[in-house]
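Based on the provided sequences and hints, a complete structural model is requested.
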Amino acid sequence: MSIFKKIVTYRPSFTVRILTGLISMLIMLSVCTFIGLADRTRLNVRAAEFDARAVEAGAKVYFDQCARCHGVKGEGIEGQGPALASEQFVGRIELVRDDMQLQSIKVVVPSERLNQIGWTGSLRDYIIAVTESGIPIKTSNAWDVNHPTFGERFGGPLRGDQIRDVASFIVNYGLDPLPNDQAILPPAPGEGQAARPTPVPLTPAQEAGKALYEAKGCTACHAIRGVGAQGALGPNLTRIGAVAEERIASDHYKANLQGQPPATTAAEYIRQSIIHPNAYIVPECPQGACLANLMPQNYEQQMTPEELNNLVDYLSSLK
Amino acid sequence: MAFVGQKLVKQIQTTGLKATVAQRLDDAFTRFTAGLSWNDVRGVLRGDPPAKPNPRVKPHTEGFWFHIRPTFYHEAVTTLYPTFRLGLLSAVFFTFEIITGIFLMIFYTPSPTYAYGNMLDILTNVPFGKFMRDLHRLGAEGMVIIVTLHMARTFITGSYKKPRQFTWFTGVVLLVVTLFLSFSGYLLPWDQLAFWAVTIGTSMADAVPLVGPEINLLLRGAPDIGAGGLLRFYLFHVVLFPLIGVIFVAVHYYKVVRFGISLPPEMEAIGEDTARKVPPEKRVNFMPDIITNELMYAGVAFAILAISCATWYSAPLEHHADPLVTPNHTVAPWYFYWLQGLLKIPHMIPLLPGGIAGEVDRFFANVFGLTPKVFWGVIVGPLLFLLLFVVPYIDPNPSRRYGDRKVMLSFGAIFAAAIIYLSLAGIPTGVPITGFGYVGGDPASEVGQAFIPDEGVGPVRRLPYSQYVVGNFPINAQPNTGSAGLDRLIREIHDDMEARKARPDPLGKTLSADATGSLEVKQIQSNLRQVIITVNYTDVDGKASQFKKYTFLHADSGYVAE
Ligand code: HEM
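Quick mapping for you: the protein sequence lines, in order, are chains E and A.
Take the first sequence: its letters are residues 0 to 318, numbered as in numbering that gives the first Met the number 0.
Take the second sequence: its letters are residues 0 to 561, numbered as in numbering that gives the first Met the number 0.
In case anyone wonders, no lab produced these hints; they're calculated from the structure.
Do not rely on the hints blindly, as some may be mistaken.
[What the hints assert, rightly or not] In silico BS3-like pairs for lysine-lysine, Cα to Cα no more than 25 Å straight-line:
{"id": "1", "chain 1": "E", "residue 1": "K72", "chain 2": "A", "residue 2": "K547"}
{"id": "2", "chain 1": "E", "residue 1": "K59", "chain 2": "A", "residue 2": "K547"}
{"id": "3", "chain 1": "A", "residue 1": "K548", "chain 2": "E", "residue 2": "K72"}
{"id": "4", "chain 1": "A", "residue 1": "K254", "chain 2": "E", "residue 2": "K59"}
{"id": "5", "chain 1": "A", "residue 1": "K542", "chain 2": "E", "residue 2": "K253"}
{"id": "6", "chain 1": "A", "residue 1": "K548", "chain 2": "A", "residue 2": "K508"}
{"id": "7", "chain 1": "A", "residue 1": "K51", "chain 2": "A", "residue 2": "K276"}
{"id": "8", "chain 1": "A", "residue 1": "K161", "chain 2": "A", "residue 2": "K254"}
{"id": "9", "chain 1": "E", "residue 1": "K318", "chain 2": "E", "residue 2": "K72"}
{"id": "10", "chain 1": "A", "residue 1": "K276", "chain 2": "A", "residue 2": "K161"}
{"id": "11", "chain 1": "A", "residue 1": "K281", "chain 2": "E", "residue 2": "K4"}
{"id": "12", "chain 1": "E", "residue 1": "K72", "chain 2": "E", "residue 2": "K59"}
{"id": "13", "chain 1": "A", "residue 1": "K547", "chain 2": "A", "residue 2": "K508"}
{"id": "14", "chain 1": "A", "residue 1": "K281", "chain 2": "A", "residue 2": "K57"}
{"id": "15", "chain 1": "E", "residue 1": "K5", "chain 2": "A", "residue 2": "K542"}
{"id": "16", "chain 1": "A", "residue 1": "K521", "chain 2": "A", "residue 2": "K548"}
{"id": "17", "chain 1": "A", "residue 1": "K500", "chain 2": "A", "residue 2": "K548"}
{"id": "18", "chain 1": "E", "residue 1": "K72", "chain 2": "A", "residue 2": "K405"}
{"id": "19", "chain 1": "E", "residue 1": "K253", "chain 2": "A", "residue 2": "K547"}
{"id": "20", "chain 1": "A", "residue 1": "K548", "chain 2": "E", "residue 2": "K59"}
{"id": "21", "chain 1": "E", "residue 1": "K253", "chain 2": "A", "residue 2": "K521"}
{"id": "22", "chain 1": "E", "residue 1": "K4", "chain 2": "A", "residue 2": "K254"}
{"id": "23", "chain 1": "A", "residue 1": "K508", "chain 2": "A", "residue 2": "K343"}
{"id": "24", "chain 1": "A", "residue 1": "K51", "chain 2": "A", "residue 2": "K254"}
{"id": "25", "chain 1": "A", "residue 1": "K161", "chain 2": "A", "residue 2": "K405"}
[Stated by the list, open to error] With the C-beta cut set under 7 Å, the calculated list includes, among others, these residues of chain E facing chain A:
{"id": "26", "residue": "V7"}
{"id": "27", "residue": "R10"}
{"id": "28", "residue": "L42"}
{"id": "29", "residue": "R45"}
{"id": "30", "residue": "A46"}
{"id": "31", "residue": "E48"}
{"id": "32", "residue": "F49"}
{"id": "33", "residue": "A51"}
{"id": "34", "residue": "V54"}
{"id": "35", "residue": "Y172"}
{"id": "36", "residue": "L174"}
{"id": "37", "residue": "D175"}
{"id": "38", "residue": "L307"}
Don't be surprised by glycine CBs; every beta carbon is placed ideally from N, CA and C.
Given below as structure tokens:
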């Protein structure tokens with residue numbers, strides 16, 4: 000009790016007041032001096048941290064929005080979009096820091112692509128420009144569509160900061176670009192008028208399957224080149240006939256199949272994927288790892304056996 | 000020349016140059032201090048007793064700044080008790096916020112396009128920028144605490160009683176201003192934390208009967224918070240609330256000077272107020288004693304703030320605001336947890352047996368159109384403040400003695416306990432103690448949220464990039480990834496999952512016993528990895544389900560330090 004009373008009735012003497020005040024001032028001054036002296040370096044370190052976080056945020060935008068056309072590794076997809084991770088596009092860069100920790104990007108090999116199309120600004124600005132406003136005119140028939148306009152100003156879904164982030168992400172590929180021969184490169188300006196593959200004619204059953212593919216809403220999640228809407232939640236099915244063969248041969252399939260006998264033919268695999276989507280979860284989807292429970296699990300009830308056969312027949316023909 | 004300089008020339012001729020300059024300088028100094036010469040000020044700072052007649056009274060009649068301060072205090076209020084200097088410190092913090100705020104204002108544009116980028120600039124490109132922001136943020140939170148404590152002490156010492164009722168009233172206005180200042184400032188960084196806290200906050204206004212939607216529109220400037228809302232909150236934060244604050248501090252302080260600081264209750268006869276009747280031998284002069292005392296407290300407060308911001312404190316900045324993505328577990332700032340707790344009260348009249356409580360709810364919903372949320376959050380919440388306003392006018396007891404005020408002091412204690420209890424209910428982690436208000440999702444998704452929170456850092460981001468090994472690892476008690484840090488993380492996830500299997504969450508849900516997990520690390524770019532947590536479990540309907548959550552991690556993103 001008496002200690003309590005002592006604290007509560009404490010009245011610092013004059014000397015204590017002046018001394019404490021002076022010491023506090025000194026502390027404050029030294030903290031400020033310390034921060035002032037070290038601040039340049041600390042600012043630079045922090046700037047590099049936020050640059051790194053911009054790359055992280057950009058990766059998310061990339062997998063959400065861009066990977067469906069430009070590939071999960073930035074390798075490009077035939078007919079959908081050119082490689083963005085190729086050395087031809089990003090060139091080669093290094094990150095360098097000076098002795099004050101100021102980080103900058105050093106271009107070791109400049110982008111060949113920018114040279115080819117005659118863009119005079121930086122790679123980053125080119126990416127921002129294309130992403131924001133699209134490419135206003137069709138430059139080549141190598142691609143099925145013109146570039147979407149992603150910028151909010153152009154009615155797209157991305158804010159300015161997201162576009163800058165995704166540009167940081169793509170530029171960052173330059174640290175370790177994909178060799179050009181592993182990427183789908185865009186045709187040079189004026190050279191893109193390649194003959195387009197003539198579609199293999201479909202049988203009436205397959206035609207019926209194709210109509211069903213569009214009617215049953217598969218297009219909301221899947222994409223087949225040239226057919227209906229181009230969904231991006233599930234795997235691209237443009238080559239599913241061939242992909243199915245690869246899948247059933249893969250170890251991943253054998254190890255992760257659950258509750259169903261392994262499929263032995265492409266058609267069986269496709270049938271299984273439609274009626275038991277959760278039996279095997281495909282590892283890669285356009286937006287990153289595939290999610291279970293996303294694809295509806297009641298297609299068997301929604302279709303007659305004949306309809307199902309047509310659908311499987313159609314999808315198996317896509318190679 | 001001859002005209003202006005004549006006197007000066009004469010003085011130099013008679014007393015010499017040095018003495019003249021000294022005399023003239025001292026003259027200017029005296030004019031500046033409104034009456035104290037250089038020697039007088041030194042005397043104050045040395046603690047000398049005043050000369051007679053006391054020259055130190057002069058500034059109190061001549062100068063503006065000193066005339067608003069009293070010339071002396073009663074000896075009994077200059078000890079730590081009864082004021083604990085909390086009123087002074089409130090004023091100090093308020094001033095401090097204005098100064099640091101003006102610094103930040105220079106680098107800030109109230110527009111969704113620029114605001115977040117400006118924050119990044121302040122943190123990465125403005126010398127002292129991060130320091131100032133941390134100071135401003137910590138100071139704001141400190142001010143809420145100090146002002147609340149100041150209120151508590153004036154309540155406990157009964158200082159709100161006659162004649163100080165109106166002092167208390169203006170004080171409550173200042174508390175509201177303090178809270179609104181903090182809340183309006185919260186939105187300005189335009190990050191996810193800010194955006195969603197304020198969206199939730201203003202949507203409460205929406206529920207006010209009759210005028211709710213109009214108020215909401217007025218606050219936000221549009222149906223949703225956007226450019227208009229940001230600009231309005233900015234103007235509230237830098238113009239409206241500071242202005243109200245300054246005006247009410249002036250009135251508040253005028254009343255304090257007018258009535259004197261109340262003496263400790265036991266020193267006065269019941270019902271009497273003797274604060275202004277100070278016998279000469281009990282007077283403690285403003286100069287030198289009170290002023291050095293106040294400067295000391297202000298100095299210590301600043302030093303503590305400065306050290307804190309240079310060492311442990313770092314104001315958070317989450318991802319850019321995104322109206323399309325609601326992060327899990329959005330919370331209001333902590334000083335509004337109690338309001339969040341109120342909003343979560345499940346029934347009109349809690350503690351009734353289940354069936355009856357439901358009936359009562361239905362009755363109110365049908366007859367008055369009132370839901371528990373609206374009732375507790377939008378009606379009872381503000382009513383609590385109304386209660387604070389009228390405290391001095393409804394307390395009939397003239398005595399300030401603690402022994403005579405058992406009823407009121409118990410009320411105060413219950414009030415404080417209720418606020419703390421509700422605050423606990425307002426946060427997910429406090430819910431196990433309070434037993435209501437849990438808002439968590441499915442246990443499997445909570446695993447993801449615990450390790451990769453939507454906003455904030457969390458264990459996965461905190462583990463340095465270099466500690467990750469590329470591969471796909473099952474979650475178990477004996478991980479063997481080759482990296483000690485990653486092993487530890489996996490063990491932590493394992494323990495967390497086991498805990499969720501064993502212990503039901505407040506909604507009674509557990510993670511299914513067969514649940515397994517994996518942690519996958521993929522190399523995306525040479526300095527960028529993706530970390531994916533997968534939980535395979537059986538959901539409530541007995542179906543095999545999967546939950547996945549991922550984040551990207553860059554080698555230099557520096558979360559470790561946060
Ligand atoms: C920005 C906020 C505030 C400032 C700057 C402030 C400032 C002050 C100051 C400097 C005093 C002199 C006594 C002391 O230091 O304790 C005081 C007294 C007082 N304050 Fe405040 N105050 C604030 C908020 C409040 C609040 C929220 C309340 C209560 C709801 C309140 C109620 C009172 C009362 C009743 C007194 C008279 C105490 C007495 O005479 O013993 N004030 N205030």
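Hints, verified against the model:
no.	hint	result
1	E/K72 with A/K547	holds, 20 Å
2	E/K59 with A/K547	holds, 15 Å
3	A/K548 with E/K72	holds, 20 Å
4	A/K254 with E/K59	violated, 58 Å
5	A/K542 with E/K253	holds, 22 Å
6	A/K548 with A/K508	holds, 20 Å
7	A/K51 with A/K276	holds, 22 Å
8	A/K161 with A/K254	holds, 12 Å
9	E/K318 with E/K72	holds, 22 Å
10	A/K276 with A/K161	holds, 16 Å
11	A/K281 with E/K4	holds, 20 Å
12	E/K72 with E/K59	holds, 13 Å
13	A/K547 with A/K508	holds, 19 Å
14	A/K281 with A/K57	holds, 21 Å
15	E/K5 with A/K542	violated, 67 Å
16	A/K521 with A/K548	holds, 13 Å
17	A/K500 with A/K548	holds, 19 Å
18	E/K72 with A/K405	violated, 72 Å
19	E/K253 with A/K547	holds, 21 Å
20	A/K548 with E/K59	holds, 12 Å
21	E/K253 with A/K521	holds, 21 Å
22	E/K4 with A/K254	violated, 29 Å
23	A/K508 with A/K343	holds, 19 Å
24	A/K51 with A/K254	violated, 30 Å
25	A/K161 with A/K405	holds, 18 Å
26	V7	holds, 4 Å
27	R10	holds, 5 Å
28	L42	holds, 6 Å
29	R45	holds, 5 Å
30	A46	holds, 4 Å
31	E48	holds, 4 Å
32	F49	holds, 6 Å
33	A51	holds, 4 Å
34	V54	holds, 5 Å
35	Y172	holds, 6 Å
36	L174	holds, 5 Å
37	D175	holds, 4 Å
38	L307	violated, 22 Å
Hints 4, 15, 18, 22, 24 and 38, counting from the list given before, are not met by this structure.
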